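S.K.: Respectively, the protein sequence lines represent chains A and B.
Each residue of the first sequence is one higher than the one before, counting from 1 in this note's numbering.
Each residue of the second sequence is one higher than the one before, counting from 1001 in this note's numbering.
In case anyone wonders, no lab produced these hints; they're calculated from the structure.
The structure presented is a predicted model; accordingly, all values stated were derived computationally and were not measured.
Backbone N, C-alpha and C define an ideal beta-carbon position, used for all residues, glycine too.
Hints should not be assumed to be uniformly reliable.
[Claimed, not checked] Negatives, chain B to chain A, calculated, CB over 10 Å: (1) Asn1003; (2) Glu1014; (3) Ala1016; (4) Glu1041; (5) Thr1044; (6) Arg1066; (7) Met1080; (8) Lys1081; (9) Gly1104.
[As the list claims (entries may be wrong)] Computed beta-carbon distance windows for the label pairs: (10) Tyr1048(B) x Met40(A): 35 to 41 Å; (11) Asn51(A) x Lys1068(B): 21 to 27 Å; (12) Lys1081(B) x Ser27(A): 38 to 44 Å; (13) Gln17(A) x Glu1041(B): 39 to 45 Å; (14) Met1010(B) x Ser58(A): 28 to 34 Å; (15) Pro70(A) x Ile1017(B): 30 to 36 Å; (16) Ser27(A) x Gln1002(B): 38 to 44 Å; (17) Val1050(B) x Asp57(A): 27 to 33 Å; (18) Gln1019(B) x Met15(A): 26 to 32 Å.
[To be verified] Cut-off 20 Å, straight-line C-alpha distance, at most; resulting in silico cross-link-like pairs (EDC-like, lysine to aspartate or glutamate): (19) Lys1068(B) x Glu1041(B); (20) Lys1103(B) x Glu1041(B); (21) Lys78(A) x Asp63(A); (22) Lys24(A) x Asp63(A); (23) Lys1103(B) x Glu14(A); (24) Lys68(A) x Asp57(A); (25) Lys24(A) x Asp1082(B); (26) Lys24(A) x Glu11(A); (27) Lys1081(B) x Asp106(A); (28) Lys1103(B) x Glu1014(B); (29) Lys1057(B) x Asp1082(B); (30) Lys1103(B) x Asp63(A); (31) Lys1068(B) x Asp1052(B); (32) Lys68(A) x Glu14(A); (33) Lys1103(B) x Glu44(A).
Listed below are the residues making up each chain.
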Amino acid sequence: DAGVIQSPRHEVTEMGQEVTLRCKPISGHNSLFWYRQTMMRGLELLIYFNNNVPIDDSGMPEDRFSAKMPNASFSTLKIQPSEPRDSAVYFCASSFRVGQPQHFGDGTRLSIL
Amino acid sequence: GQNIDQPTEMTATEGAIVQINCTYQTSGFNGLFWYQQHAGEAPTFLSYNVLDGLEEKGRFSSFLSRSKGYSYLLLKELQMKDSASYLCAVAPEAGNTPLVFGKGTRLSVIA
């Protein structure tokens, strides 16, 4: 079975550029989560969706961050404009329902110069 | 608020047993999860406890005491490949509430 698929695996770009991260959840999972992980802050929940609907985006750091889930098999996290402090590993995870074990994608390692 | 505490780092010897503790204070409780994360990789699900007691799965066991807000992950017969971060996470309430993750314990297994 295919797990959660994220792209790209690595992204290096200059500050001010738009960055789009992509995620395909496991088929049949109804909940999707976007996390950011850094050494200092650990794993932070940015936003999560249930049945394609955003439920809680209180973890999104600023208006520069936005996320969409147009259908059950695809989600994007966009940063515009990007800043060096956005450099981190961004994980997408999915689960059958909120509160159940989450399965993580391999992450996107983002570096903003 | 939600708070999960676990030690930042631990070191143990190959072949030994190590116990990684986790304490939590959350608005409710609907289960506790342990994840393993190797450096540069994604977290992978290890175990789930919702009732008090010990759950054993091969070399790994996880214990829960809901009254004490306490869990531990026990790793036996340590191997070098067990060097990783171990994340404790709690489902605070039933229904539409996502997991709250601790910052993780980085375990180094030495020869």
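S.K.: Since Asn1003(B) was said not to touch the interface, does its Cβ keep a gap of more than 10 Å from each Cβ of chain A?
M.R.: holds (13 Å)
S.K.: If you check the beta carbons of Lys1081(B) and Ser27(A), does the distance land in 38 to 44 Å?
M.R.: violated (30 Å)
S.K.: Do Ser27(A) and Gln1002(B) keep their Cβ atoms within the hinted range of 38 to 44 Å?
M.R.: Distance hint for Ser27(A), Gln1002(B) is violated at roughly 30 Å.
S.K.: Non-interface claim for Lys1081(B): all C-beta distances to chain A beyond 10 Å?
M.R.: At roughly 18 Å from the nearest Cβ of chain A, Lys1081(B) sits farther out than 10 Å, so the non-interface label holds.
S.K.: Glu1014(B) clear of chain A by more than 10 Å, beta carbon to beta carbon?
M.R.: For Glu1014(B), whose nearest Cβ neighbour in chain A is about 26 Å away, the distance exceeds 10 Å, so it holds.
S.K.: Check whether the Cα positions of Lys1103(B) and Glu44(A) lie no farther apart than 20 Å.
M.R.: holds (9 Å)
S.K.: Minimum C-beta separation from Ala1016(B) to chain A exceeding 10 Å: can you confirm that?
M.R.: Correct as stated: the minimum Cβ-Cβ distance to chain A is 26 Å, above 10 Å.
S.K.: For the pair we were handed, Lys68(A) and Asp57(A), check the Cα-Cα distance against 20 Å.
M.R.: holds (11 Å)
S.K.: Given the hinted pair Lys1057(B) and Asp1082(B), is their Cα-Cα distance within 20 Å?
M.R.: Answer holds: Lys1057(B) to Asp1082(B) is near 15 Å, not above 20 Å.
S.K.: Given the proposed pairing of Lys1081(B) with Asp106(A), does the C-alpha separation stay at or below 20 Å?
M.R.: Judged against 20 Å, a Cα distance of about 19 Å means the pair holds.
S.K.: Looking at Glu1041(B) again, its CB stays over 10 Å from all of chain A?
M.R.: Glu1041(B) not clear of chain A: closest Cβ-Cβ about 7 Å, inside 10 Å.
S.K.: Does the beta carbon distance between Asn51(A) and Lys1068(B) stay inside 21 to 27 Å, or does it fall outside?
M.R.: Given range 21 to 27 Å: violated, Cβ gap about 36 Å.
Of the numbered hints given earlier, the model fails hints 4, 5, 9, 10, 11, 12, 13, 15, 16, 18, 19, 22, 23, 25, 28, 30 and 32; all others are met.
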